[in-house]
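Those protein sequence lines, which keep their order, are chains A and B. Count the first sequence with this note's numbering and you get residues 1 to 543, in order. Count the second sequence with this note's numbering and you get residues 1 to 543, in order.
The set of hints was computed from the structure by calculation and includes no laboratory data. Any given hint could be a false lead.
One copy or two, it doesn't matter: identical chains are merged, so the pair holds either way.
Here are the computed lysine to aspartate or glutamate pairs in the DMTMM-like style, where the Cα-Cα straight-line distance is at most 25 Å [what the hints assert, rightly or not]: (1) Lys134 with Asp510; (2) Lys134 with Asp445; (3) Lys134 with Glu464; (4) Lys134 with Glu83; (5) Lys193 with Glu128; (6) Lys394 with Glu256; (7) Lys394 with Asp257; (8) Lys359 with Glu526; (9) Lys193 with Asp86; (10) Lys394 with Glu526.
There are 2 protein chains.
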Amino acid sequence: MGTTMHRIVVLGGGFGGVHVALALERLGRMGTPVEVSLVNRENYLVFQPLLAEVVAGSVGVIDTITPLRRLLPATRIYIREVEGVDVEARTVTLGPGILPRPTVIPYDSLVVALGTVTDFRGQPGLPEHALPFKSLADAISLRNHVIHVLEQASVEEDAELRREMLTFVVAGGGFSGTEVVAEVNDFVRGACKRVYRSIAPSELRFVLVHSGERVLERELTPRLSAYATRTLAGCGVELLLGRRLSAATSAAAVLEDGTRIATRTLVSTVPTSPNPVTAALGLPTERGRLVCDGTLRVDGREDVWALGDCALVPMPDGAGFAPPTAQHAIRQANVVATNVAAHLTGAPQTHFTFTGLGKLGALGHRRAVAELPGGVHLSGFLAWVIWRTVYWAKLPSGTRRLRVGLSWLADLVLPPDPLQLNLGVGRGISQAHFESGDAVFHQGDLGDRLYMILSGEAEVVRRENGADMTLARLGPGEYFGEAALLGRIPRSATVQALTPMDVLILPRGDFQALLGSLPDLREGFEDVAARRAAQNAERLEEG
Amino acid sequence: MGTTMHRIVVLGGGFGGVHVALALERLGRMGTPVEVSLVNRENYLVFQPLLAEVVAGSVGVIDTITPLRRLLPATRIYIREVEGVDVEARTVTLGPGILPRPTVIPYDSLVVALGTVTDFRGQPGLPEHALPFKSLADAISLRNHVIHVLEQASVEEDAELRREMLTFVVAGGGFSGTEVVAEVNDFVRGACKRVYRSIAPSELRFVLVHSGERVLERELTPRLSAYATRTLAGCGVELLLGRRLSAATSAAAVLEDGTRIATRTLVSTVPTSPNPVTAALGLPTERGRLVCDGTLRVDGREDVWALGDCALVPMPDGAGFAPPTAQHAIRQANVVATNVAAHLTGAPQTHFTFTGLGKLGALGHRRAVAELPGGVHLSGFLAWVIWRTVYWAKLPSGTRRLRVGLSWLADLVLPPDPLQLNLGVGRGISQAHFESGDAVFHQGDLGDRLYMILSGEAEVVRRENGADMTLARLGPGEYFGEAALLGRIPRSATVQALTPMDVLILPRGDFQALLGSLPDLREGFEDVAARRAAQNAERLEEG
Numbered sequence: 001m002g003t004t005m006h007r008i009v010v011l012g013g014g015f016g017g018v019h020v021a022l023a024l025e026r027l028g029r030m031g032t033p034v035e036v037s038l039v040n041r042e043n044y045l046v047f048q049p050l051l052a053e054v055v056a057g058s059v060g061v062i063d064t065i066t067p068l069r070r071l072l073p074a075t076r077i078y079i080r081e082v083e084g085v086d087v088e089a090r091t092v093t094l095g096p097g098i099l100p101r102p103t104v105i106p107y108d109s110l111v112v113a114l115g116t117v118t119d120f121r122g123q124p125g126l127p128e129h130a131l132p133f134k135s136l137a138d139a140i141s142l143r144n145h146v147i148h149v150l151e152q153a154s155v156e157e158d159a160e161l162r163r164e165m166l167t168f169v170v171a172g173g174g175f176s177g178t179e180v181v182a183e184v185n186d187f188v189r190g191a192c193k194r195v196y197r198s199i200a201p202s203e204l205r206f207v208l209v210h211s212g213e214r215v216l217e218r219e220l221t222p223r224l225s226a227y228a229t230r231t232l233a234g235c236g237v238e239l240l241l242g243r244r245l246s247a248a249t250s251a252a253a254v255l256e257d258g259t260r261i262a263t264r265t266l267v268s269t270v271p272t273s274p275n276p277v278t279a280a281l282g283l284p285t286e287r288g289r290l291v292c293d294g295t296l297r298v299d300g301r302e303d304v305w306a307l308g309d310c311a312l313v314p315m316p317d318g319a320g321f322a323p324p325t326a327q328h329a330i331r332q333a334n335v336v337a338t339n340v341a342a343h344l345t346g347a348p349q350t351h352f353t354f355t356g357l358g359k360l361g362a363l364g365h366r367r368a369v370a371e372l373p374g375g376v377h378l379s380g381f382l383a384w385v386i387w388r389t390v391y392w393a394k395l396p397s398g399t400r401r402l403r404v405g406l407s408w409l410a411d412l413v414l415p416p417d418p419l420q421l422n423l424g425v426g427r428g429i430s431q432a433h434f435e436s437g438d439a440v441f442h443q444g445d446l447g448d449r450l451y452m453i454l455s456g457e458a459e460v461v462r463r464e465n466g467a468d469m470t471l472a473r474l475g476p477g478e479y480f481g482e483a484a485l486l487g488r489i490p491r492s493a494t495v496q497a498l499t500p501m502d503v504l505i506l507p508r509g510d511f512q513a514l515l516g517s518l519p520d521l522r523e524g525f526e527d528v529a530a531r532r533a534a535q536n537a538e539r540l541e542e543g
Numbered sequence: 001m002g003t004t005m006h007r008i009v010v011l012g013g014g015f016g017g018v019h020v021a022l023a024l025e026r027l028g029r030m031g032t033p034v035e036v037s038l039v040n041r042e043n044y045l046v047f048q049p050l051l052a053e054v055v056a057g058s059v060g061v062i063d064t065i066t067p068l069r070r071l072l073p074a075t076r077i078y079i080r081e082v083e084g085v086d087v088e089a090r091t092v093t094l095g096p097g098i099l100p101r102p103t104v105i106p107y108d109s110l111v112v113a114l115g116t117v118t119d120f121r122g123q124p125g126l127p128e129h130a131l132p133f134k135s136l137a138d139a140i141s142l143r144n145h146v147i148h149v150l151e152q153a154s155v156e157e158d159a160e161l162r163r164e165m166l167t168f169v170v171a172g173g174g175f176s177g178t179e180v181v182a183e184v185n186d187f188v189r190g191a192c193k194r195v196y197r198s199i200a201p202s203e204l205r206f207v208l209v210h211s212g213e214r215v216l217e218r219e220l221t222p223r224l225s226a227y228a229t230r231t232l233a234g235c236g237v238e239l240l241l242g243r244r245l246s247a248a249t250s251a252a253a254v255l256e257d258g259t260r261i262a263t264r265t266l267v268s269t270v271p272t273s274p275n276p277v278t279a280a281l282g283l284p285t286e287r288g289r290l291v292c293d294g295t296l297r298v299d300g301r302e303d304v305w306a307l308g309d310c311a312l313v314p315m316p317d318g319a320g321f322a323p324p325t326a327q328h329a330i331r332q333a334n335v336v337a338t339n340v341a342a343h344l345t346g347a348p349q350t351h352f353t354f355t356g357l358g359k360l361g362a363l364g365h366r367r368a369v370a371e372l373p374g375g376v377h378l379s380g381f382l383a384w385v386i387w388r389t390v391y392w393a394k395l396p397s398g399t400r401r402l403r404v405g406l407s408w409l410a411d412l413v414l415p416p417d418p419l420q421l422n423l424g425v426g427r428g429i430s431q432a433h434f435e436s437g438d439a440v441f442h443q444g445d446l447g448d449r450l451y452m453i454l455s456g457e458a459e460v461v462r463r464e465n466g467a468d469m470t471l472a473r474l475g476p477g478e479y480f481g482e483a484a485l486l487g488r489i490p491r492s493a494t495v496q497a498l499t500p501m502d503v504l505i506l507p508r509g510d511f512q513a514l515l516g517s518l519p520d521l522r523e524g525f526e527d528v529a530a531r532r533a534a535q536n537a538e539r540l541e542e543g
């Protein structure tokens, strides 16, 4: 009889998951009888530290990602969502692939490395109007959005709207938020100088909203944190310290103290939550993270390990839990792989003992901060050179290092192009949030969408012969804006929110597709439109 | 008094529109008092001839596009849709930018170069299930889709489903269709050899459906067309000649003779229609194209010119109309610019006299066909070298030539990576087409979407204790699939189409967002689900 293969399923293809699989592949090559499967939503590993550079275009879109199959040739890779895990039956059920047929993979050992997800719920308007910054898709969307705003601003003649469009707000002063605001600042200033010449530097405004007194104060020593704060301010970033974002609309960021910053670009790097699959495992969690012991085994299970941002891993010195960084996840991965192999032979489990090597953060063009081992603290150009070198050397393959090297080289000689990768994906049905007094649209606007109120109230106001006349008050479940879509005429009235209001938006294209397919619906809308028109005519006569 | 500037608005930023603006900018620099505006949906010019290489990854995504603002520094560029044109008032109204406020630009001369759009209407299932191939977004989507299919096929164990997933069908044997099928063939075969090693070459199938007897027969001489046909067949592409595509579902291409080819990838390059804006201008058209005289003026207008694929331009020799190629559009552009300037001074209009320079088509990896001036006909590697050189030299800027050169170089030394650029854009509400007998989903499947019938009929069948029981027949306006979404349980029955059927699909995420926002809707769905469950239980007892 041959050796029975020990089946290990790794959930998640970030730094943690990929490095567990890498270490297990190594053990497999040395004779440990393991069969590794990895489940991830994307077919690549994202190199997070370079993501902010995608926004500015200093590195190419695909330079920051490496195909999982190149890294892990001996691992069975499933590009799927995780539908659920049955820890008693020891099976993982995958979400739909090409067909919605359920795929069930049995395991002997399970490794959970699902990371965190962006979660804007509970903050009015943020899910609809704030741009997250976590994945490659987020970085590309932000870049496209910034270019869209610059395109439109460059031909806009309304000075107030120009100011609104040329204000860029980032919330969160950790590594991610500071890097993003620095890159957006560099990119926009450069693009306006070289390409969008009708935009004056004085029209640009970059704002970083941060709850602390200095940026990066939790991440760095006070001296470096102060340096980073000064550097950002010196590059033209306005720092709103000790302030918090509380809501968003399509045209403003609203702070807790009631300040409204008129903007069309709001990036929030603040809230991440553990992946909801983690909570659904039925294993012990605290604040959504899996509770582990020092060997990274999940409490109460012999056959489940967890690591990275979805796990609560006690630090070896007893001082709290491991921070959510790549360097910790990679070290945890090696411990997990060793322990899975030890579990097979009944050998004792190893403890996680890594305490951290240093910290690096970029602050835009050729400036960075670094805390290195041995108490060496650096800032400025030298720190930036170290930052680039360290991350370049950490790139997960030689080809990737070559590609990024070429990109950086090209970046030195070729000007970055503000190309908007319009992928033509209509947004379909979406939602929007309005604060009291905000206009949804104005009389005379083009009618390009239908609205349905989910919560809150709005009023419909028509201006005729210089006088405003309220035509209707609308509440939850009621819709508006259909007349301009049915007849392709300009909006016949202004609609504005009377209270904070959430609406569902159906764009013209989808609306017309629906009407074309469902003639009854078309009649229904036409009836309502005709009735409303008659009522409005009456009211205007009375008024 | 200074010179009054002559305002010219160019609609469209393809080869035609961009070259008109380039020529007008040149005239402006030489003293002609022109003020040029250009309206286009994207902020870049797409270099169509290289688009098929994006699919295979031989050139990078952004190598094929050039920012309009770099090409046209003196032109006012509006990245907008065209909402409408008033040829009497001489104004162009633009679609919404950041706000839905209408922007109206007045003109003295109008140039229409709006090209064509993909139009699958009238072909059952094509709008929902066929992939177009016209824009950069199309090329990227096709690449992502092919990688998605390979990822899923590589871990699929059902042999029939694997065959279906590994069959790639392209409809249309013109330049676009032959280039696409050749590139997909090369890319998939290469990726399976290097990365997706669990897929055997014998499992792959590539099909080109073409109504003619040879590919490229309308584009090339009989000898070269025969060579192209043999070359494709020799690379492993199955040619279905004298056949036409008539319908599509998510799992099949259906031909006019009733043949069904089971596939998950259907590209159709056949139908393009003139841009709908062209028809809405109220100017004389034939088959949707603007009727011009030999000076490219639109019939009956002193101040409107048209060129490129949206115009019917008589050939100088009286033999029909100019073909829809870049070389013709570029020559037409120079004539239009000259004539706009002549109109200003009252000078006579110039005639379009270009008759064509030659024809080039790539057939995948290092093979092409070429018809050059002087009756020189070439095929194979030499033709491919000429093809690359000609198009490389035609790239619209030095930076672009450098970038594409670097990409081709990198392609020689670095293996192309099958990275799927998952931009995380959920598809939202979509539609699907089913032919009679097709299953929408099977009992036991994961429930990830809600369906509403737009036209046609379906039956709901449950298998219990080995017997099939029809639970319901559903028709237009009725929905199904809600139970699995409300309870996150597997599908409790199979639903299949009884007639050709079109449905609207609401994915789980959108469904839950809607239910969360509209509690009444949730109650409504729960009532229906409970009632249906009770009815089904009764029926099964009776049965």
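These are the hints, each one checked on the structure:
1. Lys134 with Asp510: between (30 Å within a copy, 22 Å between copies)
2. Lys134 with Asp445: For Lys134 and Asp445, the Cα distance exceeds 25 Å both inside one copy (35 Å) and across copies (32 Å).
3. Lys134 with Glu464: neither (48 Å within a copy, 46 Å between copies)
4. Lys134 with Glu83: Within one copy only: 22 Å inside a chain, 36 Å across chains, cut-off 25 Å.
5. Lys193 with Glu128: Neither way: Lys193 and Glu128 sit 31 Å apart in one copy and 43 Å across, limit 25 Å.
6. Lys394 with Glu256: Neither: 40 Å inside a chain and 55 Å across chains, both beyond 25 Å.
7. Lys394 with Asp257: neither (42 Å within a copy, 57 Å between copies)
8. Lys359 with Glu526: Neither. Shortest intra-copy (62 Å) and inter-copy (52 Å) distances fail the 25 Å Cα cut-off.
9. Lys193 with Asp86: neither (57 Å within a copy, 36 Å between copies)
10. Lys394 with Glu526: Neither: 62 Å inside a chain and 52 Å across chains, both beyond 25 Å.
Comparing the model with each numbered hint stated earlier shows that hints 2, 3, 5, 6, 7, 8, 9 and 10 do not hold.
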